[in-house]
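Student: Same order as they appear, the protein sequences are chains Y and P. First residue of the first sequence: 1, per our numbering; consecutive thereafter. First residue of the second sequence: 1, per our numbering; consecutive thereafter.
One should not assume that every hint holds.
[Stated by the list, open to error] One-sided excerpt, in silico: chain P residues whose CB lies under 8 Å from chain Y:
hint	residue
1	44
2	45
3	54
4	63
5	248
6	299
7	301
8	331
9	332
10	543
11	544
12	657
13	659
14	708
15	715
16	744
[What the hints assert, rightly or not] Listed below are several chain Y residues computed to face chain P (Cβ distance under 8 Å; list not exhaustive):
hint	residue
17	8
18	9
19	41
20	60
21	67
22	108
23	145
Worth flagging that the hints you see were computed from the coordinates, not collected in a lab. Ideal Cβ placement from N, Cα and C applies to all residues, glycine included.
As a plain string of letters, each chain reads:
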Amino acid sequence: MPNTGGISVDIELTINGERTTVEAGSADDLATVLRQHGYIGVKCGCDGGTCGASKVFVDGEVRMACGMAPREADGSEIRTVAALGTQDDLHPVQQAFVDNFAVQCGFCIPGMIIQAVALLDSNPDPSEREVREALSDNVCRCTGYQKPVEAVLDAAGRMRGEQSVAADGGQPASGPPQPGESAGCCGGGCDE
Amino acid sequence: MSEDDEPAKPDGGTASQSDPVEDERSEEHPLEWDEPENNDKAPDERDSVSHRAEKYDDRKLVTGQAKYTADYEERYPDLAYAAVVRSEIPHGRVTDIDTSTAEAMDGVEAVLTPESDAVPDAKYTSAGQSYPEPSPWDMHVLNEHVRYIGDPVAAVAAEDRATANAAVEAIEVSYEEDDYVTDPEAAFDSDAPQLFEDDEVENEIVGHDYNRNRMAHIEGELGDVDAALDGDAHVHETEWETIRQSHANVEKHTALAYTNEDDRHVLITSTQVPNHTRRQLAHLFDIPIRDIRVTKPRVGGGFGGKQAMVVEPIPLALSLATDRPVLYEASRQEEFYAMRSRHPMKVRTRTAVTDDGDIEAIDIYALSNTGAYGSHGMTVAGNVGSKPLPLYSKVPNVHFEADIVHTNTPQTGAMRGYGAPQGTLALEGHLDEVARDLGLDPIEFRRRHHMEVGDLDEIAGMMGGEGANRRIRSCGLSECIERGKEAIGYDDLEQPDADHLHRGIGMALSAQGTGVAGDELGAAQIMMNEDGSFHLQVGGVDIGTGADTAFLQIAAEVLGCDEDDIIVKSSDTDVTPFDYGAYASSTTYISGMAVKKAAEDAKERILDWGSKLLDEPVENLETGDGTVYSENSGDSVTLEEIGYEAAYGDDEREHILGKGTHCTEESPPPFAAQFVDVTVDEETGEFEVHKLVVAVDCGVAINPGMAEGQIEGANHMSYEMAVSEGITLDDEGRAEVSDFDEYGLPSATETPPIESILVETHEPTGPFGAKSVAEVPTNTVPPALSNAVRDAVGVRIREMPITAEKIRAKLDERGG
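The task is simple: from the sequences and hints, build the whole structure.
Tutor: Following this line, the structure appears as structure tokens:
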């Protein structure tokens, strides 16, 4: 339940395309509020703003939701990892993470995928170094970052319409992206 | 340790007809293994095994739909939240706990102290091990005698997290302070402040001497090391030191407890050891095992930190006290100071080596700092010797000894590698130094001595307990070295143009085990549905490793169906068969073999039904492509047709079930050869690691993509041990790290590219030839980087982490 501490406020948000009013306790951060409304792909791995697992898009910008007061997000449009693709129709970045075995425990993965999508939105053809820099404030304990970096480079190729490279010998995915699945801050699903 | 056996032969102890001792050993540990024909499949005969099957839970994970423990919050509208009051002094007695302000706060449901009825009095160990645990029962859920800054003293349940945290702040604890000691060498002094009286511990461990803060002492010997050290050979002695490393699992320790409508006490928890946790909770709370249900959802990483009942008693006690579901999620700060960490150690290595480079003797001594409590203390220290030393199984004289001492510092525990990283540093760094001193090529020196197929390893078993004598039936070390050398570019290394920059390559070998020899149990059950699909119920614990997927691939290989046709349910003690849990590199080997046996059991029934429907003898039939087919007639019947016939047929009916249970005395080592490419600036000591290459022999990789991921993640953890400070402590033993930004976990930009190489061998005792993979690459970067720096600029760093300052100081020392 909300961390009331006596006071709570109503906040207007558009979350993954749905307009909603949420109750936020004065001690709550945005990650807590989103999680309480079922957006469990927003993860909390630290005591605030140091692991990157809670990354979401707030009005198109990547933010760590755990480091943000709900009031600060009032009126904004939030997109979580759940908006990028569905299990049957993954976003190319999600698909590349699966195909490249970039996911182990998966706890840091939503934040990493959000960050990767943002990177490819602004830089469709990043170097390995640029991918590493983009992921540098996402803590991952499982992978040593090797396969996530390969997955982002692979996704970049897919989104540019190149044949999947399935960087590390993973199963090649189907060819160029389908219409509607092309690059965008959230995989073509948002208004930008 | 075997007292009357002759020392191992320099030739590796392979069987010789004229030697009765060898004959006896060969009988007890034969090279040949009675392997079922279907276990050894050529790559082109494998349908599912060694394919890059999609990880079972990945689609849920990448879309943020997968549920970890804290994600069950929304299911329980009356959920209360726990928070813990922890000791702020390093050592002393609680004299008073003033809970009045906290109890008066709105939203506070319960405040528990050591005296509360709901809090168990019993002693226990948090170590998630077999029964009785090889760890002392020296802990209490809440403590009056506190032994480190972080010891739990009181617990709160409240309506929301903020209120729980505020209540913790409002609780006043008074202490009578005792003297404390944080340095392990000082703690070992008989005048040092003493952490335990003898009557404060049950289930004590061999060699304990609480007057000197020693929780255990272990020792084992083959041959006569002292005689060899006193002989003509060169004696080398080196000392090494390792860091206190945090598991840094991104999902914090989290557990949710409630009592359900059937009066069953349910724990949803982020654990590696559901069955051990159930047994330990039963012991603590005096509740029958059958009345406790421990269930593990997705787990956000364990690495050994969750091979322990670290948090579960807190929410269970609070739930019993409040009659409400209670969630306890540790804070990240608690993760760093009050959960578990890797044992920091000082390790001394001595060898006797002849002019010709023959190793006559190896002696290792480890002083392990177990912190305030002894969980995993003895067994981790044992593995300092028993994991790396067998690499050189031909060495005739081997001695290992360890003291494990208490200090008033945070608790240690199991961590990936489990003592092997500390031992591998001390052995592989040492042997590199010996080779260079004798003018030998360090790689060739290793090649002359390392373990080979046919060797009888008596080192792993010389201390008893965790290890056992074993015959080596698979070993890809030579190929690991060869392919690693090639990948790192060993033979054509280019030096930088600038005179002050020097490039070097370091190498280190490693061996681990696969399960605890003779002390594991896994079990599985498979049920066939009428549509030809299956439910696999398995006790094995997937903590993010991909174990569920490996189980599916093993089952699918036997049943001849797609992995998609199998639903896996793992790690729910009410539903899934028994399992020791995810540790000791055992899951694929032990639980995976149980799955294979269960699938074979089910397959026998399926073939029987196929025989009826095809009117062909079972001997002619095989499963494949979702059918049973006749190799004679070419006729086939689908698994779906068999499923319906078995469930709804006119004459006979049967629910097709298979069960499998597996335990073994075997624990075959996987192997790794690590290479590190570094450039060092001799003016500043600064260094850049260009690449990590690690070649691993894990037998047959059930899923090569997942196996590579395990290797790369382990190598990252190993790299951290080489270059990061770990959890540093102040003079009172207080952790100086409270969040990720203060902890030196190498980020994506700080981590060098990691090239993982799978060297396939066939391990006849493992499912389809598999042995373990996930721990062995954790052991190798500290020695390989130390060796690489030595190769580049000629100085040796023995105390981890390796830093520019230390290299600079050594260079200055040499220059002066």
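Student: Hints numbered earlier in the text: which of these fail when held up against the supplied structure?
Tutor: 1, 2, 12, 13, 16, 17, 18, 20, 21
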